[in-house]
Every structure is written in C-alpha cells, then in structure tokens.
Amino acid sequence: MIDILMDKFLTIGLEHFLILSGTLFFIGLFAVLAKKNVIAVLMGIEIMFTSVNINLVAFNKYTAAEALLTGHVFAIFVIALAAAEVAVGLALIISIYRQRTSTDVQDFDWLKW
Amino acid sequence: MTMAVMFYIIAFVTLGSALMMVISKNIFHSALLMLISFIGVAAVYILLHADFLAAVQVLVYAGAITVFIVFGIMFTMKGEPRKTNPFSQNAIPAAVLILLFIVINAVTVIKTVWPFSNIAPPETTVKAIADLMLTKYVVGFEVTAVLLLAAMVGAIVIVKGVKKSS
Chain L
-9 MIDILMDKFL TIGLEHFLIL SGTLFFIGLF AVLAKKNVIA VLMGIEIMFT SVNINLVAFN
51 KYTAAEALLT GHVFAIFVIA LAAAEVAVGL ALIISIYRQR TSTDVQDFDW LKW
Chain D
50 MTMAVMFYII AFVTLGSALM MVISKNIFHS ALLMLISFIG VAAVYILLHA DFLAAVQVLV
110 YAGAITVFIV FGIMFTMKGE PRKTNPFSQN AIPAAVLILL FIVINAVTVI KTVWPFSNIA
170 PPETTVKAIA DLMLTKYVVG FEVTAVLLLA AMVGAIVIVK GVKKSS
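Protein sequence lines correspond, in order, to chains L and D. For the first sequence, this note's numbering gives the first residue as -9, with consecutive numbering after it. For the second sequence, this note's numbering gives the first residue as 50, with consecutive numbering after it.
This is chain L alone, in the form it adopts within the complex (with noise of 0.2 Å):
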C-alpha cells in the first residue's frame, strides 16, 4: 500500500499537472474575489489564464497525442486572448481612475440601482 503510494508521488503522470493548474486556478479565483484593488483583481484573472493553458498542454501530452499538437495551438490562441484582455482592462481601469480617482472595486458601481 504505501509502496503504490510513494509509486504514484514519484512518477509524474497526468494527476499531477491537473492537481498543479487546478491549485493555481483557484488561487487566482481568490485573487478575484478578496482582493480591493481592481490591478489585483486584473493579476488573478492572469494567473487563472496561464493555469487553463497548463491544463490543454497536459491532456495533449497525455491522453490525446493522435491529435498531433492541437492544444498547443489552442494555448497559444489563448495566450493571444490574454494579451488582448489585459490591454482593454487596463484601459478601462485608467479611464475609470480619472473620473473617480480611485481603484477600489467597491467604488464601481455606476452600473447599480
């Protein structure tokens, strides 16, 4: 028992990836929902995009190489996706930042009744 245990800790598979970028989505997601500052907020949707794309290079390693390199080309789709994302975001939040001079979440709610 504890033989296949120190077996399955030792030899990297699959689980270990999926565990790895799940644990970072998530950490991301607690960036989103706890942190005041909107560029904090702006960092943790970062770090939950960079975690899906470890999640695609994973499974196309391991469970779908016939597929040659698809989900390679799917992470570099999304990598560009990022890029475009933080450029509008940060244009909003200065544009947000001169009208309110401020960069708390809590004060952005022009869109509440």
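Honestly, the hints are just simulated from the structure, not real lab data. None of these values were measured; they are calculated from a predicted model. Wrong hints could be hidden among the right ones.
[Stated by the list, open to error] When the alpha-carbon atoms are kept at most 20 Å apart in a straight line, the in silico SDA-like pairs for lysine to any residue are as follows: (1) L/-2 x D/166; (2) L/26 x D/146; (3) D/176 x L/64; (4) D/209 x L/91; (5) D/74 x L/35; (6) D/176 x D/190; (7) D/160 x L/26; (8) D/132 x L/91.
[To be verified] Here are a few chain L residues that sit away from chain D, every Cβ distance over 12 Å (derived from the structure): (9) -9; (10) -8; (11) 101.
Think of the CB as a built atom: it goes at the ideal place given N, C-alpha and C, for glycine as much as any other residue.
For chain L, the structure is supplied; the task is to place chain D on it using the hints.
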C-alpha cells in the same frame, strides 16, 4: 526520480509565489511575485515537452503582460505603498470556498480513470504547431489577429476618448 524532484520544486515555486501574490499588502510586490509565478509556469511547459510554448510564455506573460500591469500600478498608485493592496470584507468566505474547491478538484482528479495514449511526444514542436495553425486552424488564426487589432484600437479609444467633430 529527477523528474519528480524538479516537478515538486517548480510546483512549490509557482504555487508559493502565486499565493504570496494574493497575500502581499504591497501591490508592487504582488506584480513581481506574479512574474515569478509566470516563469514557473514556463518551467512547467518545459517539463511537458512544450518548448515553443515556454518561449511564448516568457515573452508574452513575463515580458509584455507584467510590464502592462506595472504601468497600470504606476498610473494609479497614490498614498502609502505598503497599504495599496488590502483584502476586501469577503476575504474569509472566499478563502473557505477556495480551500473547498481545491480539495474537490484534487479528489476528482485522483478518482478519475484517464484514457492514456502511448504515443511518444515529438522532438520539436515549432514545425507541427505552424503546420496546424496555417492549415486546419487558419480561420482561428485570422480571427485572433483581427481581435488583437480591435483590442489595440479599443484600448486607445477608451483611454484617449473620441473627439466630437462638427
């Protein structure tokens, strides 16, 4: 064995710097810890035999996105730097929820039986990625290019505003 040691070191650095990014009270330290986390993810790509993606990760995330975020911090920082990144009032429920999610995720991954395939990974990935991207996924490639252009124009318009012409 060496693979296991390397994996656990890289996982510790990546997850630890991501967690310290959330906990840190100074937002500038948060940005630098996020950079370390991104470089750790690039090392994970190398463990997964994805050399091109590791290079792209360092270029785009560790290079461009971190610089963007630091620009944003510099534009909007005011007051004492040590108090720039506080927790909001729902930090404790969020922490409980996230711990629950992490445990559920780990248990689900371990319990599931995955359909493994036994094909050796290719030696270099750049040529295969280029082949796929310019044949099978050429539409997605073009749409991504248009999206990047639209995001660039949109960011400029949002920050500068539109001048009303008479």
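Legend entry - Interface exclusion of residue -8 of chain L relative to chain D, criterion Cβ beyond 12 Å: With a cut-off of 12 Å, residue -8 of chain L remains clear of chain D, as the shortest Cβ separation is near 16 Å.
Inset, instruction - Would you check the hint for residue 74 of chain D and residue 35 of chain L, treating anything up to 20 Å between C-alpha atoms as holding? - result: Holds, at about 18 Å.
Legend entry - Hint consistency between residue 132 of chain D and residue 91 of chain L [alpha-carbon to alpha-carbon, up to 20 Å]: Holds, because 16 Å separates the two Cα atoms, which is no more than 20 Å.
Legend entry - Pair hint residue 26 of chain L and residue 146 of chain D, alpha-carbon separation not exceeding 20 Å: 18 Å, holds
Legend entry - Given hint residue 26 of chain L paired with residue 160 of chain D - CA-CA distance at most 20 Å: 36 Å, violated
Legend entry - 20 Å limit on alpha-carbon distance, applied to hinted pair residue -2 of chain L and residue 166 of chain D: Judged against 20 Å, a Cα distance of about 18 Å means the pair holds.
Inset, instruction - Below or equal to 20 Å on CA atoms is what counts here, so check residue 176 of chain D against residue 64 of chain L. - result: Within the cut-off at roughly 15 Å; holds.
Inset, instruction - Classify the label on residue 101 of chain L as holds or violated, using whether its beta-carbon is more than 12 Å from each beta-carbon of chain D. - result: 16 Å, holds
Inset, instruction - Would you mind confirming whether the straight-line C-alpha gap from residue 209 of chain D to residue 91 of chain L stays at or under 20 Å? - result: Given that 20 Å is the threshold and the Cα spacing comes to 17 Å, the pair holds.
Inset, instruction - Given the hint that residue 176 of chain D pairs with residue 190 of chain D, test it: the Cα-Cα distance must not exceed 20 Å. - result: Distance ~16 Å between residue 176 of chain D and residue 190 of chain D Cα, so the pair holds.
Inset, instruction - Take a quick look at residue -9 of chain L and tell me if its Cβ sits farther than 12 Å from every Cβ on chain D, holds or violated. - result: 15 Å, holds
Taken one by one, the earlier hints fail for this structure only at number 7.
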